[in-house]
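Engineer: For reference, the chains in residue letters:
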Amino acid sequence: MTTPMPAFDSGIAADLLERLRRKAPRVHCITNAVAQHFTANVLLALGAIPSMTIAPEEVAAFAAGADALLVNLGMLDDTRRAAIPKAVEAAKAAVKPFVLDPVFVNRSPVRCSYAQELLTASPTVLRANRDELAALYPGQDSFEAFAGTSVTLAMTGAEDMVAGPGGTLRLANGHPLLARVTATGCAGGAVIAAFLSVSDDPVQAAAAALTVFNVAGEMAAERARGPGTLVPELLDALYLIDAPQIADRLKRI
Amino acid sequence: MTTPMPAFDSGIAADLLERLRRKAPRVHCITNAVAQHFTANVLLALGAIPSMTIAPEEVAAFAAGADALLVNLGMLDDTRRAAIPKAVEAAKAAVKPFVLDPVFVNRSPVRCSYAQELLTASPTVLRANRDELAALYPGQDSFEAFAGTSVTLAMTGAEDMVAGPGGTLRLANGHPLLARVTATGCAGGAVIAAFLSVSDDPVQAAAAALTVFNVAGEMAAERARGPGTLVPELLDALYLIDAPQIADRLKRI
Amino acid sequence: MTTPMPAFDSGIAADLLERLRRKAPRVHCITNAVAQHFTANVLLALGAIPSMTIAPEEVAAFAAGADALLVNLGMLDDTRRAAIPKAVEAAKAAVKPFVLDPVFVNRSPVRCSYAQELLTASPTVLRANRDELAALYPGQDSFEAFAGTSVTLAMTGAEDMVAGPGGTLRLANGHPLLARVTATGCAGGAVIAAFLSVSDDPVQAAAAALTVFNVAGEMAAERARGPGTLVPELLDALYLIDAPQIADRLKRI
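Quick mapping for you: the protein sequence lines, in order, are chains A, B and C. The first sequence begins at 777 in this note's numbering and counts up one residue at a time. The second sequence begins at 777 in this note's numbering and counts up one residue at a time. The third sequence begins at 777 in this note's numbering and counts up one residue at a time.
Since the hints were derived computationally from the structure, they do not count as laboratory data. Mixed in with the good hints, there may be bad ones.
Treat identical chains as interchangeable: a pair holds within one or across any two.
Unchecked claim - Listed below are the simulated DMTMM-like cross-link pairs for lysine to aspartate or glutamate, each with C-alpha atoms no more than 25 angstroms apart in a straight line:
(1) K862 <-> D1018
(2) K799 <-> D907
(3) K862 <-> E833
(4) K1027 <-> D907
(5) K862 <-> E935
(6) K862 <-> D976
(7) K868 <-> E998
(8) K868 <-> E893
(9) K868 <-> D977
(10) K1027 <-> E935
Just so we're clear, the structure is a prediction, and the values are computed from it rather than from any experiment.
Assemble the whole structure, with the sequences as input and the hints as a guide.
Structural biologist: Listed below in structure tokens is the structure:
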């Protein structure tokens, strides 16, 4: 059995970006405190409208009114534990996509159990790196275990892989300097959520999101002297990036 | 009955800024997690001294020792709900001004009720946009409802309006790129609090705060390529802005 | 009795920096919400790997797996109060260094009591300014009171002093513009923790950390127009700083 090859190219990425900018989707983010400010700025630079409350009393209203939801498990305290099920329930009731980002589950057993339970709520996309994915499926081949689910996987690393019902594709954009800035991965999860709000194909949406974010990262790294100047340059690049730049730089492997 | 025309010009704005820089007022901010870091940097760049704790056990000591208080209702969790009344009580006991910023009350009914209750504590200034103001006074003409109170209104938007016992004035500084950076509005509320600490006239203080912040935003936008480089440029501009720049750019309408 | 003069020069600072970059130590930080994002970026720029959770359920796993721990008492809410003893216990059980930074204990009596209790757990280094140190030892000569402990003191200010079992030394690097950026002191505490993970001599480690951070601050201030552009320049400088730059600029007094 061969894996189907999903349709994806720079034209699809640029088209989804254009739709995103026209729609200005609301993305509600439950994310860790380190990532909140940067994630909001990434979404705004891209053309989306972030909201970030984690207060259990009000999170359902925000999630229900949003076009997509991000659940990032960093800094998983009691407030976030109380908020997440309410937000997920509201998003699912409103038939809105949601992204699960189980950051650092490989370093915290209690967080890992929590993530495993959340996976049963069928996020639209799971964003994880290789270590996090392995922690979620201990003692198993994590790809095989995962393949049985309806969830689309966006596995990030030096190379990125997107795998879902529509097939599997590999991407190789990005820059090492991005790893010297906190929360770039977390913000990338929010970008996937934003793209899911303008596409019914989670593989294409996740691939477009990773491509736009990582190509912007390459453009920023060329202008930056180090990880400090990379941040404003990255936000500028997300604001300025256009179809020809995506076409020039997209690396599908 | 004609609305009185409050005294306000660039000389008043520059004089209050000069007083602020000499006094280096302490501004205690209860604000949302997305805005905390940027708000502190805005206050420091301007010449004020921020403190930001929301811990209910210690917030009264910080608010009592501060020259002004900001209460921003973003991300209104249990800790903030417990802290706010203590901080407001301490500020009022010390006869210090306080600013209420009911962000997103139009998106969260529970937050809106909370804001309506806080309004009875008579903040010195209410900062709100048109949608937030309408949510606070449902089924009424919000301006008329508001006019019966002793609170000064700083209504922000493409144009800003400041209305208080001393009259009403309209301002038109700012730049669209500011809306592509998170927490610029929230930080603006903290700047109003800082200016209230050097003036007994809340209309003049709020107008000066909005003018200085928005003129700095214009200066920054001219140097920035996008919303990323806007942030460091805005903080630099708040640090560098002087009386001639305010005089050149002030747009009262 | 003369105070011993600890061995410290730019070669030692550069050597510890080189070791830090090779080791890429994990530094777990319990710190205030204003400082979290900037502290993580400072550690990453320098070559360390930050983790920042304050959730009591998972903090022990992170602290036990880290090479050093920072406990910063800013914004000391219930979650942090519950997390700190668990993190300290885990660090001590794993024989890992820990830094205590009692920010603003001079402004909050309840926070001061908490810090006094934590001092009995013998942090490797106490970072404090003169006012904070005085608050910790009321009615006493704080230096004399402190000298009886095994803790190394890193007292920061216009000039810095490092005092420990190995003796006392004074340093004079830095730039006034650093005080116009929030959380530079808090991030400095995390840098001390990172250097403690590559040295058994807490006086040398703290002196190297302050030197590298403050020399990077000087380099950044020369390129910045104000406190806004200082931030990206500081992170770039921490990433780029090398042995000759440290040798050129180190000011031991």
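Engineer: Would you mind marking each hint as holding or not holding in the structure?
Structural biologist: We went through each hint and held it up to the structure:
no., hint, in the structure
1, K862 <-> D1018, "neither (37 angstroms within a copy, 49 angstroms between copies)"
2, K799 <-> D907, "between (35 angstroms within a copy, 20 angstroms between copies)"
3, K862 <-> E833, "both (9 angstroms within a copy, 21 angstroms between copies)"
4, K1027 <-> D907, "within (24 angstroms within a copy, 44 angstroms between copies)"
5, K862 <-> E935, "neither (34 angstroms within a copy, 37 angstroms between copies)"
6, K862 <-> D976, "within (24 angstroms within a copy, 45 angstroms between copies)"
7, K868 <-> E998, "neither (41 angstroms within a copy, 43 angstroms between copies)"
8, K868 <-> E893, "within (16 angstroms within a copy, 33 angstroms between copies)"
9, K868 <-> D977, "within (17 angstroms within a copy, 50 angstroms between copies)"
10, K1027 <-> E935, "within (10 angstroms within a copy, 45 angstroms between copies)"
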